[in-house]
Amino acid sequence: MADKRKVVSEEKSQETDRQFLERVNVKFLMQDVMGKIIANRPDDPMVFLADYFEAYDEQSGLIQKALQTIQMTHHSRPVFESNVSRAYNILNKHKVYKRVKGVNGVIYNELLQALCREIESSIVSKLMNKIECCDYEAVPYDVFRSGVFTCCVLQDYCKLTENLFQSLDLDKTGKADKILCDTVLQQLNTVLKNTKPDSNRIFQASHKLGPDILYHSLERAMTNNKGQTMITLEQFISDVCDSFLLKVKPLR
Amino acid sequence: MAVDDRYSMSADKYLAKHNILVYLEDSVAQLLEHKEENSKVNAVKFLSDYFSSVRDGNHTMFREYTFIHSTPHNRASFVRLFWKCYRQIGKKGDLLSIQEYHSLLGLICPDFPFDIVKKTAKIVLIDDALDCLISFTDFVYAFQTQLYFEEFVEKCSGIYQSLLQSFRSPREPVVVPTSGLKEDSGIHLNNHQPTDDVDSMQFFRAIYPICDKIQFSSPPISSLKEILFHIPRISFYGFMIAIAKSESINSSIGRLPPKIELLEGGDTELTSSISKNESPSRSNPPSRIGTALVRPTVHLPPRSKSAHGTSSTSNTKLSRKKPAVVSSSSETDSSTESSDSI
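As they're listed, the protein sequences go chains A and B.
The first sequence lines up with residues 51 to 302 when you count with my numbering.
The second sequence lines up with residues 174 to 515 when you count with my numbering.
Hints are computed from structural coordinates only; laboratory data are not their basis.
Fair warning: this is a prediction, and the values are worked out from it, not measured in the lab.
Yeah, the Cβ is synthetic: ideal placement off N, Cα and C, and Gly gets one too.
A couple of the hints might just be wrong.
What the hints assert, rightly or not - Below, simulated DSS-like cross-link-like pairs (lysine-lysine); rule was C-alpha separation at most 30 Å, straight line:
id	chain 1	residue 1	chain 2	residue 2
1	B	K190	A	K77
2	B	K264	B	K218
3	A	K115	B	K218
To be verified - Computed list of chain A residues with no C-beta within reach of chain B, every gap over 12 Å:
id	residue
4	D67
5	R91
6	L99
7	R127
8	R136
9	R149
10	Y186
11	L218
12	F294
13	P300
Please work from the sequences and hints to get the whole structure.
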């Protein structure tokens with residue numbers, strides 16, 4: 051008798067566990083997160099999982115959710131495209147007036163700011179001058195997409211610039227010879243002048259920035275001038291980013 | 174390259190590599206357990222908290238040993254937890270017995286097996302005198318080696334034993350999958366008495382195939398080369414100590430700080446007081462190494478001859494038995510002197 055009761059109560063608790071999981075929708079959550087983790091293949095899945103559940107929490111804002119969705123994967127991955135459109139849909143819930151919802155300038159600018167958190171603020175403000183929308187404007191998807199994409203590329207660009215500076219900083223003093231930096235910058239600018247998306251030109255450009263040519267021009271600069279002017283990392287990044295920003299088309 | 178790797182492997186492999194299913198399953202199990210006590214739990218909030226603690230490595234406190242053992246991330250996090258909880262002991266410079274270490278571990282993991290503690294002590298104390306006291310610094314790095322590389326350590330031990338066997342009786346067939354093994358051991362046998370160590374190049378060739386396997390974590394090959402290429406012969410526990418002391422291996426695991434920062438700034442006052450405490454107690458070379466301010470590369474047992482010659486006479490008994498360790502201890506002495514002079 052007692053055994054029977056025990057079994058029944060066990061069954062009951064089993065049942066409530068399942069009911070509980072159904073009630074709180076854990077199955078859906080787990081399926082969703084598995085699907086996303088496999089699609090995006092993050093480098094560190096633990097960070098990804100933590101971010102995912104943090105953003106899933108109702109209390110976190112739309113921006114936070116959109117940001118998490120965009121940053122799920124690198125912008126060179128095919129999934130990036132669908133992530134961005136999902137982020138756009140998330141932001142579509144933004145309330146503009148009482149009943150009007152949609153992506154407007156306010157939330158778009160906020161998202162871009164959040165995306166550029168790691169970049170120097172002076173550079174960000176220059177970038178925002180070009181790609182930000184007015185607060186009252188409605189932001190169509192293609193503008194949204196290109197804005198987000200620009201921010202992601204700029205972020206990578208800044209990281210690469212930092213690496214470049216590290217290799218120019220011969221004595222590891224935190225400062226590099228101005229002559230060397232200028233030479234690299236000059237080379238970069240001549241390459242960037244080419245505006246036609248012609249595969250031949252692109253090939254030429256990458257050749258010009260290849261190690262051989264760059265080495266020769268650096269060597270020439272070294273022998274010609276033994277200047278002692280040094281520049282800092284911030285200065286260099288800002289210079290190099292200026293040439294990037296030249297390529298960003300202003301919205302208006 | 175690694176980036177492409179990640180995208181090209183199959184989904185199952187990717188999930189297995191990062192033990193994602195372990196954590197997802199555990200999160201649901203924990204959620205249900207938590208629900209028993211608190212029926213009004215917010216599931217999303219709970220999961221969010223769970224995964225942020227997993228990310229930060231704070232999730233192994235009071236968990237059962239099987240869970241701690243299940244992934245490399247858990248193991249490394251547990252070692253860090255141990256260090257964080259009991260750092261004060263290290264600061265005071267207390268020496269503890271293995272039973273005491275086991276009870277400390279039992280406070281943060283109730284069913285922590287004594288076996289692991291014993292194996293850790295074997296690494297520190299070179300496989301004998303298990304009733305010796307061990308300094309915290311030595312223990313924590315050896316513990317990391319034992320727990321994090323458990324499978325690797327087991328395999329290495331097996332390989333070492335079979336190398337030793339083949340070395341003692343060269344006529345027996347060699348089990349280890351390396352070519353040119355027989356000739357090597359044959360040559361050595363002619364002019365050596367059977368000893369406790371093996372040719373380190375030979376050992377490296379034998380363990381090379383088991384490194385970088387996906388089933389378990391192993392130290393980076395470059396660090397192993399660093400250890401084994403600079404010394405002609407090595408004993409198993411000499412090898413283990415070198416792994417435990419290698420800063421590059423420690424930083425590749427990435428949880429414990431380098432040795433000099435382990436006790437938060439090893440200022441000279443602290444160091445000297447520790448060594449004072451230690452000298453009357455049974456001086457075991459490894460624990461002295463642990464507390465001294467030494468650069469990582471200096472620790473490796475190599476450069477035997479000169480160090481051997483300078484080592485004090487009190488160590489001769491040991492030096493006959495385990496040359497590798499004594500040489501490293503005498504190097505420590507010299508480097509402590511040099512740091513004093515600075």
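Against the structure, the hints come out as follows:
{"no.": "1", "hint": "B:K190 - A:K77", "verdict": "23 Å, holds"}
{"no.": "2", "hint": "B:K264 - B:K218", "verdict": "38 Å, violated"}
{"no.": "3", "hint": "A:K115 - B:K218", "verdict": "15 Å, holds"}
{"no.": "4", "hint": "D67", "verdict": "6 Å, violated"}
{"no.": "5", "hint": "R91", "verdict": "5 Å, violated"}
{"no.": "6", "hint": "L99", "verdict": "4 Å, violated"}
{"no.": "7", "hint": "R127", "verdict": "8 Å, violated"}
{"no.": "8", "hint": "R136", "verdict": "19 Å, holds"}
{"no.": "9", "hint": "R149", "verdict": "28 Å, holds"}
{"no.": "10", "hint": "Y186", "verdict": "35 Å, holds"}
{"no.": "11", "hint": "L218", "verdict": "25 Å, holds"}
{"no.": "12", "hint": "F294", "verdict": "23 Å, holds"}
{"no.": "13", "hint": "P300", "verdict": "33 Å, holds"}
In this structure, the hints that do not hold are numbers 2, 4, 5, 6, 7, in rising order.
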